[in-house]
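Chain by chain, the residues run as shown.
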Amino acid sequence: MIEIKHLCKDFTLADGSKFRALDDVNLDIGDGEIFGIIGLSGAGKSTLVRCMNLLERPTSGQVLLDGKDLTAMRPKELRQARKGMSMIFQGFNLLMQRTALENICFPLELGGLRGEAAWRKKRAKELLEIVGLPDKADAYPSQLSGGQKQRVAIARALASDPKVLLCDEATSALDPTTTQSILALLKQLNRDLGVTVVVITHEMRVVQQICGRVAILDGGVIQESGDVADIFSNPRTEAGRRLVMPEGKKIHSLPANRQVRLTFNGLSAGEPVISTLAVEQGIKVNIITADTHSIGDETFGEMVLGLPEDETDAARALIYLRDVPGVTVEEVTDYVQ
Amino acid sequence: MFSEASWELLRNIMEEEFLTAIGETLLMTFVPTLLAFVIGLPLGVLLVTGDKDGIHPMPQPLMQAINVIINLLRSVPFLILLIMVLPLSKLVVGTRVGCKAMLVPLAVAAFPFVARLVETSVREVDAGVVEAAQAMGASTLQIVCKVLIPEAKPALLSNLTVALITVCGYGAMSGAVGGGGLGTIAINYGYYRPNPPVLYAMVIVLILLVQIIQSIGNQIVKRSDKRSR
Numbered sequence: 009m010i011e012i013k014h015l016c017k018d019f020t021l022a023d024g025s026k027f028r029a030l031d032d033v034n035l036d037i038g039d040g041e042i043f044g045i046i047g048l049s050g051a052g053k054s055t056l057v058r059c060m061n062l063l064e065r066p067t068s069g070q071v072l073l074d075g076k077d078l079t080a081m082r083p084k085e086l087r088q089a090r091k092g093m094s095m096i097f098q099g100f101n102l103l104m105q106r107t108a109l110e111n112i113c114f115p116l117e118l119g120g121l122r123g124e125a126a127w128r129k130k131r132a133k134e135l136l137e138i139v140g141l142p143d144k145a146d147a148y149p150s151q152l153s154g155g156q157k158q159r160v161a162i163a164r165a166l167a168s169d170p171k172v173l174l175c176d177e178a179t180s181a182l183d184p185t186t187t188q189s190i191l192a193l194l195k196q197l198n199r200d201l202g203v204t205v206v207v208i209t210h211e212m213r214v215v216q217q218i219c220g221r222v223a224i225l226d227g228g229v230i231q232e233s234g235d236v237a238d239i240f241s242n243p244r245t246e247a248g249r250r251l252v253m254p255e256g257k258k259i260h261s262l263p264a265n266r267q268v269r270l271t272f273n274g275l276s277a278g279e280p281v282i283s284t285l286a287v288e289q290g291i292k293v294n295i296i297t298a299d300t301h302s303i304g305d306e307t308f309g310e311m312v313l314g315l316p317e318d319e320t321d322a323a324r325a326l327i328y329l330r331d332v333p334g335v336t337v338e339e340v341t342d343y344v345q
Numbered sequence: 002m003f004s005e006a007s008w009e010l011l012r013n014i015m016e017e018e019f020l021t022a023i024g025e026t027l028l029m030t031f032v033p034t035l036l037a038f039v040i041g042l043p044l045g046v047l048l049v050t051g052d053k054d055g056i057h058p059m060p061q062p063l064m065q066a067i068n069v070i071i072n073l074l075r076s077v078p079f080l081i082l083l084i085m086v087l088p089l090s091k092l093v094v095g096t097r098v099g100c101k102a103m104l105v106p107l108a109v110a111a112f113p114f115v116a117r118l119v120e121t122s123v124r125e126v127d128a129g130v131v132e133a134a135q136a137m138g139a140s141t142l143q144i145v146c147k148v149l150i151p152e153a154k155p156a157l158l159s160n161l162t163v164a165l166i167t168v169c170g171y172g173a174m175s176g177a178v179g180g181g182g183l184g185t186i187a188i189n190y191g192y193y194r195p196n197p198p199v200l201y202a203m204v205i206v207l208i209l210l211v212q213i214i215q216s217i218g219n220q221i222v223k224r225s226d227k228r229s230r
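Chain order of the listed sequences is W and S.
In terms of this note's numbering, the first sequence is residues 9 to 345.
In terms of this note's numbering, the second sequence is residues 2 to 230.
Any given hint might turn out to be false.
Stated by the list, open to error - Pairs of lysine-lysine, BS3-like flavour, derived with a Cα cap of 30 Å:
| id | chain 1 | residue 1 | chain 2 | residue 2 |
| --- | --- | --- | --- | --- |
| 1 | S | Lys227 | W | Lys130 |
| 2 | W | Lys130 | S | Lys147 |
| 3 | S | Lys154 | W | Lys129 |
| 4 | W | Lys130 | S | Lys154 |
| 5 | S | Lys147 | W | Lys84 |
| 6 | W | Lys133 | W | Lys13 |
| 7 | W | Lys133 | S | Lys147 |
| 8 | S | Lys154 | W | Lys84 |
| 9 | W | Lys133 | S | Lys53 |
| 10 | S | Lys223 | W | Lys133 |
| 11 | W | Lys171 | S | Lys147 |
| 12 | W | Lys133 | W | Lys171 |
| 13 | S | Lys53 | W | Lys26 |
| 14 | S | Lys223 | W | Lys129 |
| 15 | W | Lys129 | S | Lys227 |
| 16 | W | Lys129 | S | Lys147 |
| 17 | W | Lys13 | W | Lys26 |
Keep in mind the hints are simulated off the structure, nothing from the lab.
Chain W with its partners taken away, still in its complex shape (with noise of 0.2 Å):
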């Protein structure tokens, strides 16, 4: 559905010197899925959902929609393309001066998209309905909740019927409870309007409920991608880590000698691994961080184990883990930062 090669942004800086924003990014979102691009602030996350529409555009590289690179289009072809592209943002967007309902038929006036003034209004109020705000038509956005808000932009931009929707940080400005209820109308229009979704987040929750892939940026580079489940369970890269486990700063004062990570899969999540090691081999570790995720249906827990001093009982232990039916070990050194 999306393809970016080789995508490369440079900023020019006040003092004239270049910035490189991204670097060499690839990515392939297939039709229909839900894609996560996950990344802390000044990863480039923004710029890069930016040049999937060429709202930046790109120093070097392509941008496939359907196979058409985007950047080779003149920019009445480009106009057309973005319509089968939509975009929601961090703070909505939406025509101050212009009802739910008004800035709902906002694209659908653009041209390309035929239809009467009449037409237009009752696809709106279809939308509305999608969304789950079919009384809201006449309210002003001031009059409506950063949710309400949201779910007006969400309608807005299904009115051009698009292929793919980008989503920069939607749920960034809203509280919890919104953010659940926001994603689920993201998930739920995933699958009954089989449209491509884009999420841009530096939520790991986010990515975690909605996201089937997930991408990895740090420093305008894709550190790493794949599927959730995987890159969550057992991330290969220093970013991914970071991501995973943001507590890992704090890791770095605790006195132990060798530590571990544990990956507990679907299985193995419920099985009480440490004190089996405890109570049957004798060996004592330290807990030093723990926490479980649900990735789609599976819960996945996630330990950091700080090994004893004696190098005996550390071997053992890690003998005895190794064993345990799905649970993945592996040290950890580089992460403790």
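Since the structure of chain W is already known, use the hints to place chain S on it.
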């Protein structure tokens, strides 16, 4: 306090010339402001959209030239500009005196001012909303007509009020070089003669006029702005 003759003159003026004069003042306020918006609105929008970071960057030397012209026109004191533009009035309306002759110089004086007011109003429109419109595939003209101007409408109406009041003041000044309206009465009878009651009466009428324009303007702005409810 004032002589009987002064009051007598004021009474005569109020009976014979006042209605015509107030009509002329209203004409000299609204027509030039309207003309100034016809030129100043597109120009002000262009100053925003044609900027090098705007939605439709124009050649920068052109933008600089427009900016210089606007600044030049705005820095000439109104009375001087008025005298300089009067030959143009002769050309357009066929006379250099009277209320009609003033319409051209008033519009010339007001449009650069209006262009700047429009520019600041349009710049206030949230860049995110413009970006959203671009993401939806809106053309530059569509963004101007459907986003920039409607979203800036309350600010534009508020600035329309400012422009009307400024032009009303300019119109009164034009009395000094044979314009028309209340300013002419104030200067000819009130100042040159001199006749203080006439002068004060005209000033009071002008003050009332400005108050009325301002409060009607405020009402319209308040009603048109959908952000505060």
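Task: Hints violated by the structure (listed by number, smallest first) - done: Hints 6, 9 are the ones this structure does not satisfy, whereas the remaining hints hold.
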